[in-house]
Structure formats: C-alpha cells, structure tokens
Amino acid sequence: MMNTPLSAALPAVAASPHSRELSSISRVMLKVVACLAPATLCGFWYFGLPALNLWLVTVAAALAGEALCLRLMGKPVKTALFDGSALITGWLLAMSLPPWAPWWIGLVGGLFATIIGKQIFGGIGFNLFNPAMIARVALLVSFPVAMTAWVTPGGQMSTHAPGMMESLGITFGGAVPDAFTSASLLGHAKTELSRGVDLLHTFAEGMPMSLSGQRPGSLGETGVLLLAAGGVALILMRVISWHIPLAMLAAIAVPAAIGHAVNPARYLDAGTHLMSGAAILGAFFIATDYVTSPSSRAGQLVFGAGCGFLTWVIRSYGGYPEGVAFAVLLMNALSPAIERLLPPRIYGRDWRGEPIVLKKKEQ
Amino acid sequence: MIGVLSLTFLGLSLGLLLGYAAKVFAVEADSTTEELLAMMPGTNCGQCGLAGCNAAAEALVAGSAPATICPGGGVALAQAIAAKLGLALDLDGMEDAGPQMAVVEENICIGCGKCVKHCPTDAILGAAKQIHSVLDEACTGCGGCTDCCPTGAIVLQPVPQNLRDWNWARPAFA
Amino acid sequence: MGFLDRFLKGSWGVHPHDDHKRPAADVPLRVMPVPAELRVPLLQHVGAPAKPVVQVGDKVLRGQLIGAAQGNVSAPVHAPSSGVVTAIGPVTAPHPSGLPFDAITIACDGEDRAIEAAGQPDPFALDPAEVTRLIAAAGVVGLGGATFPSAPKAQLGRKHAVETLVINGGECEPYLSSDDCVMRSRADEVIDGVRILMHATGASTALVGIEDNKPEAIAAMRLAAEGQAGIRICPVPARYPMGSDRQLVQVLTGKEVPAGARTATIGVLVNNVSTCAAIHRALRHGEALYSRIVTVNGGAVAEPGNVLAPIGVSVADLLAFVGLRETPARLVLGGPMMGLALPHADVPTVKACGGILALTAAEITKPEASPCIRCGSCVQACPMGLQPLEIAARVRAGDLEGAEKLQLDDCLACGCCAYVCPSNLPLVHAFYHAKGELWKRAQQKKKMEFTKGLAQAKTERLEREARERAEAAAKRKAARAAQQAAAAAPAPAAE
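Protein chains in written order, with my numbering: chain H, 1 to 363; chain S, 1 to 174; chain U, 1 to 495.
Only chain H is shown next, with the shape it has when bound in the complex (with noise of 0.2 angstroms):
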C-alpha cells in the first residue's frame, strides 16, 4: 500500500470547508450593474448623448483613479479594477448628476470617489463613507452653479434632441442651450418657499412629476419606476436585504405624510417625496452599500430608518432641496457604532450576548 500515490502527501490540507458556493464579488457587482442599467439606459433615451457622455467620462475617471491608486501602491491592478466595485461607484454618481453637466464634473466626481472616497481608506472594503455620495457633495458644495443646472428630458425622438456636435458642445464645451435649463422639483419647491410662495401656490397647476419620467432631474430621479423595479430585483436575487429599503422609504414616507397633513402648504407629500430625488436610487442602490451600511438585519432597519428620516429633515428644513447624499453620508459615520450597539442575537443567548436563563420548571 505504500507505493501507492495516495500515501504520498497531498498537497493541499486545508481547513474546512471543503466545497463553496459559486459567489465572488464581481458576480455580485454584476447583478447590481444589471439592475442599474434599464433606469439607465432610460435616462440616456430622455437626455439624450450628452447626458452618455457624461456618464462615460464619470465611469472612466473612477476606474482611472482606481487603477492609479493601485499602481501606486502596488497592488495587481487587474483583479481588484475588474471586481466592478469601481464601475459601480462611478456610475451611481452618474446616475446623480445633472445630465447635461459639463466633461469636468464626471472627471473630478469620479476621480474623487475612488481616489478620496475609497482608496484613501484601504480601498473596497475598509471606506468609511459611500464614495459616490461622498464625489457628489464636494461636488455639489464646490461647484453648486452646475449641479444644480437640471434639463427637462426631451426624448430622442422629439424636435429639440441634441444631435451629436451639440452633445459633445454640451458635455466637453458647456454650451447648456438656456431654453432647457429648468429647476427640479424639490429645488422649486425649496426656492419658491424661501421667497415666501406656499406650496399650494408653487404647484397650483400640478406637479411637474411624471411615472414616465418626463421631468427635470438626474439620471437617478427619472427613472423611478426602472429603478425601484431593479431595486426589487436586487431584493428578490437577494444581493441585498429588504431591511434598508423599506426603513428609509418609510422613514421618509411617514414623516412626509404627518407633515403634508398638518401644513399641506409648507410640506410636500410623502408620493412626491419618494418619487423626486434620489430617495429610490439612495434606498435600493446607495444606502445598501454593503461597506458602509451595518450587517446585522435590527442595525440595517435602523440605518435605512436614519437616512430616511434625515433626508426628509433636510429637505423640509435644511439649506439644501435634496437630502440623499447628506443622510446617507451621516448615518454611514454612524454605522460602525449601530453595528456595535445592535449585532443580531446569538442563538442560546439573549439580545445582551447573556447566557438565556432557563425558567424552572412548574411543578
């Protein structure tokens, strides 16, 4: 028996398990990617080229940082630039921008995200903050004046579509036809209430809002409906959890809802309030960040619940019309102490990690 080649050593003693599941993190990102791409190729069809192009350059510039940072440290670019988590990042900030932005916002927001938001930290993984939300607001505090240039869609097959020279003067040559440029719901709403004009009056004739995504927005803000329908994919594939989703919907839901009904003047609806914005991008793709989002499902409810109700807090009362980014952001600072003070419950031991303590029998 001992010449037999099995009583020569196996190389490969390991410990156990032995077998696992198909699953590696580029298989993860890709369904993500798949749920992201109807809302946006939606939204390329309502914007038309410039708003393609931005999205390329945005991409780009956050694989580019990410590839850069890697060299420098002199980690195998390849594996960790094609695991998707870059592409991600930069595409959720697309989907965040004003469409029609100019060539340097992609560049400096994508750069930004995965050199600053992500790599400065250790890369995937060890970040703090969601790096998209994070591009978005030095984005939108350091240059407010193109961030908040909104465009109502046209559609590709309407009169005034972009043709391909005007595209690129859009994106590369911030040539933005002022005929197009118009404020988006939330950003209205707040103006007109600072000049003292209620609601009732801003909205008299209706609100600027459509299922179809006919109105002025982000990528992320016309296609709600695209977007919650891969949301609940993501949901059903079971990438991500239910717990984020709904606490942040309801938690700006219910607030939107009480506010709306005590001063319908001062406050929005809570349809409006879920339709505009980011709130449905922020709830199934934003918030969900498996980085910097808590793991454990009671810290998830309270997470979503907290970047829900913050981006009602801000919206209603804050500086800013839109509050995704900010909510996200802050509670993402809070979420290593909610992982902290609610992990899940251990089996044979009660919710403060104690033994369960057995009741005597009756007898």
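FYI, nobody ran anything at the bench for these hints, they're computed from the structure.
Don't take every hint at face value.
Straight-line C-alpha distance at most 30 angstroms; calculated BS3-like pairs for lysine-lysine [unchecked claim]:
{"#": "1", "chain 1": "U", "residue 1": "K458", "chain 2": "U", "residue 2": "K477"}
{"#": "2", "chain 1": "S", "residue 1": "K84", "chain 2": "U", "residue 2": "K477"}
{"#": "3", "chain 1": "S", "residue 1": "K84", "chain 2": "U", "residue 2": "K445"}
{"#": "4", "chain 1": "S", "residue 1": "K114", "chain 2": "U", "residue 2": "K452"}
{"#": "5", "chain 1": "U", "residue 1": "K445", "chain 2": "S", "residue 2": "K114"}
{"#": "6", "chain 1": "U", "residue 1": "K51", "chain 2": "U", "residue 2": "K159"}
{"#": "7", "chain 1": "U", "residue 1": "K159", "chain 2": "S", "residue 2": "K84"}
{"#": "8", "chain 1": "S", "residue 1": "K114", "chain 2": "U", "residue 2": "K446"}
Covered by chain S, according to a simulated footprint, are these stretches of chain U (three or more residues, beta-carbon under 8 angstroms) [said to hold, decoys possible]:
{"#": "9", "region": "90–99"}
{"#": "10", "region": "417–430"}
{"#": "11", "region": "448–457"}
Heads up, the beta-carbon is just placed ideally off N, CA and C, and yes, glycines get one too.
Starting from the known structure of chain H, fit chains S and U onto it as the hints suggest.
The following block gives chains S and U in isolation, referenced to the frame of chain H:
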C-alpha cells in the same frame, strides 16, 4: 469683555476639572507593579538577569526593561505586557522557540543533585547519586538547571508537539 | 423572541446548490472484505484514551476487547477482525496535522473468527443502569461525529430527567449518506435502539428528525416506527447545518439550548441514528462497535457508495475497494463542510468516520481571497447568529480577546460563513486558529499558576528550613553555652 471673561472662566473650570481627574484617576505605580507581577511566571528563575520577577516588574514599570524581558513567558507574555503598559512591541529580538522543557540525559547525569536544589518549582526529581528526571507539568523551561549542571546532562528541548496542542497556523488574509 | 427573531434574522444556514448525495446514496450497501491489516486507534472519542489490554503477539478475535476505557468519560475499543497484534504504538492520525497517535495494529488472519457473545433477550427487563453499562462495554460513542461516549450521555440524561430524545437523522453534510443508508437498510435496528435508549434514559418521547431530501429513509423509518408509542418521525427541511444538535433541537422542540450548556439542561438528549443502531446491536446481540457504514464519495471515486467497513481500516484500503478514477487532490474524513483534510491515505478510520471523500481539484477550487466587502452574507448564514466578519477582523488584527468577546466560543465551525463568502476569506480557518490560540493561552495560564504555587512552596520550604537550621544552631549554641557554664560553674561550688 464678556468673551474674555467667559473664556477665562471656561479655561479655569476645565483646568480644575483636568486637575481633579488626574488626581482621581491617577494610576498608582505600585498597583501596576503588582498587576505585572501577577502576570509573570513568578518562579523567580532569574533568566531575565534581574533578581526575580518582582525586580523585573519594577524595571518594566520604571521603563528600564523592554516588554520582551521575560524569556519564560514567551511571546504571549510579551504581548500582554505591551498591551498593559501601552508599549510598542518589537518582537524581532525575541525568537519564540515555543514551549520548552528540561530533559535529563541519563547516561551523562552523575546525580550530583545541584539541579534539584536550583529548580525553582521542584520539577526535578532525584536524590544524590541517583539519575534525575523532570516532571513535565511542573517544568517551566526557565533553563536555570542547564547552567548549574556540571556535566551538561540537562538540556532544554522543545515540548514535543501532540495532537491536543496542535493548532492551525494563522491564515493569510487578503 | 420568536417573531422578532424571524423578522430580523430570516433563515440561518445554507442550501448547497448540489448536495452530491446521489447517486452514492442509492447504491446498495457493500461489505468490505477483511483487509490484511487493521490499526485500531485508542482515542476515537471525547475523553481519556483507552488503555491497551493486549500485548504484541497476542491472538485476538473479532469483537474482543483490546483497549479498556479509563476514567469517567472514555470508551473501550474492540478488535474488528481476528488476527495477531503486531504493534501497539504511534501511527499517523487521520488529522490535518499528520501527527501520530497511539493505535493497536492487528495483522488479520482472514478467518474473521468472532468471540462468543450473547445478547439480551429482553433489554427492557434490565435496570437502566445495567443497560447503560452494556452500552459502555460495547464501546458505543456518538457516531454523528461528536463521538461523545453514549453511556455517560445516557447517565447525564437520567440525572437531568430528560423527557425527550431527539434522534438525529439530519445528515445535512453534502456528499454523505451513511445515516441515510442506516435508516434505509436498518430502520428496525434504529427504532429498537431508540426504544432501548428511551428505557435507559427514562425519556417518554423520541423525535426522529430526518431531512426531507431523504424520502426513502423517512418512509422506511415510518414503517419501522409504526405502533411504537412515543416515537415520532419528523421530516425537517433540508438545510445545512440541520444536523447540528442545537439547530435540530430548536426546529423539533422549539427550545433553544442556553449558550455554553448541554441540551440535557433543557430536558433533551440528542443521539444519532447510527448510534441507535449500534446500541441495538450492543444490547440485542452483544456486539461491540467495531465496524460502521462509511460513505465513500467524491469526484475521484470510481464507484461511490456506502461501505460497511471495519473500524481501523486504512483509508488507502478503503479507496482501493471502491476504486479511484483519478488521483484525488484532497482527501477528507467527514463531509465537505466540517470534515478534516487528511495528510495522506495511509491513516486508519475511526468510529467518527461517516464518510471518506476523495475530491478532485475542480471540486475544491477556491479563488484567491480578496478583502472583506462587509456584504453580511456570513452574518445571515451563521446558524448561531454570530458576526463572522467582525470576529475575523479581530483575528486578522491579532485581537483574540476582541474575538472572544464577540462569542467566538459559540462558533460551531460549521463552515456556512466561509461557504457563502464572496471574498473567499478563510473564516473557519481563522476561527480554528483563534480558538486554538486562546485555548493554548488558557493552558499556559493554568500551568503558570501551578508553577507559581510550586515556586512559592519551595521558597517557603527553604525559608522554613533556614529558620529551623538557625533555630537548631541557636539551640546547639545555647546548649553548648549551658554546658560551658555548667563546666565552669562547679569550680566555685567545689570550693
């Protein structure tokens, strides 16, 4: 004027608070020495070059000895001491040969009994003119006996690895 | 807590995409012929190793006691076939370390003569203590893998007055079907063993939990249990690790076992179906536990299936019996989730060995580990509700106390976390390492306290001796002084 006053007040009160805190939460050196002493092998084997564990603990508190001072305690003790005193730990100079144990080579032992007297934990059995042997569970591997043996019959050897003590090596994380 | 738990936790464990149990589970049981040599390890159970009661050169018969139990928690070992004892000493253990442990080597004569044994015609007429003694004498230990000796376990059950027996037919590990095979082909023996165990422990009900991916076993067991008061066959969902005692107890009884306690504290005793069959044989036929059904499976095996093999047969012999299609990349004792990788095939099997897997390179491929993305898959998968990612982060940073505070001790090492990890982190490996390191430190501390006591005793003794010497010297001096004084004193008296 109000600003100056309020700042002065703030500075004074905070200063008082700090002073009070320093008094209340002061770390008594004696208690640290005692805590360190409790962590050490306590066999006073002298392998550190000082006169017993008490002296070593005092030297650690005084800062005149590195966390790696105790050979008997090994890396585990060094880490515990470093954590306790908040020292940076440099393990380079400390090679951890793993747990060691004294073994008597019976054909060289002349039964002089010097090691028996020297052993701080009475781990060596054997009267004069008889071959000695070492009790595994009492030997700390301090090595004091190897120095006093006139024939070099007692040596330190690594404790043989067995199934019960075996452990997986630290895995490589990404 | 039930509702809140469900709301916040969902389902624990994993559903392996392919459990690889068939076709091996459907192949009829094969009996392995007596090999040329058997090496029967002395430590095949939790507790103290058995003490050899034979000597080199002794002739032994099948079923003969060759190693006696020593201590309260221990189990004897018996010769699996007839032959001559050729060695008593170290052989390579079926363990990843490749370290040796003691075994009794028997050169089989091929005649397979059995020692005379008599069964009990009516075990239920015996005193429970006597039943327990017979179980102990037959060397029965938990065959599900934990190998806790069955007799002390039954005693524990009597002491805690358990009411319920949970009979574990979960067999949730992929690839394995030995319990399945036992239930299909020996259902009557299992049920009889359950009844004997109920008698021995005083339990009034027995719940047999069988995963619903084994319909044949469920049908066979239902048939065998028909008309038996107190025994219920309960199909449970197929989900790994359903066969873990804590999880199965919770699913079947709705009760949770407190952390750090045994199931007996909540009035439940868990026993494996194969153990019950072994108890039946021990009582009814006086047959000791010297053989068991082993699943030999894996991509490298030519004819996978269940084999009745003597305990102590070399893995190489076992693999030769079923044939190999290719050289395996890894040999595993047990299942793919918790099994031990073997250093080579020249190791004996043990009582705990329900399966030997010869896995191909394709079956064990594992991409390089990448950083944790905190996806939380491991948290959802953990059947104990731990946070593997947080514990692993502590271990990575060398903060073992931190890992301990996150209740690393409660970890079953079931492997769910590492199984689902998209970053392929060596989570279970890290937990094994940390647990071992913490255990080592605890041992070290214990030894340090012991030696500190010795050192103190020596110091005190030396001080006492010195004092006594000083006192003796003082006494002598005083005596001498008195003598001198006495010698000097008479002079004036003689005056």
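### Task
Against the structure, test the hints numbered earlier, and report the numbers of the ones violated in rising order.
Of the numbered hints given earlier, those the structure breaks are 2, 7, listed in rising order.
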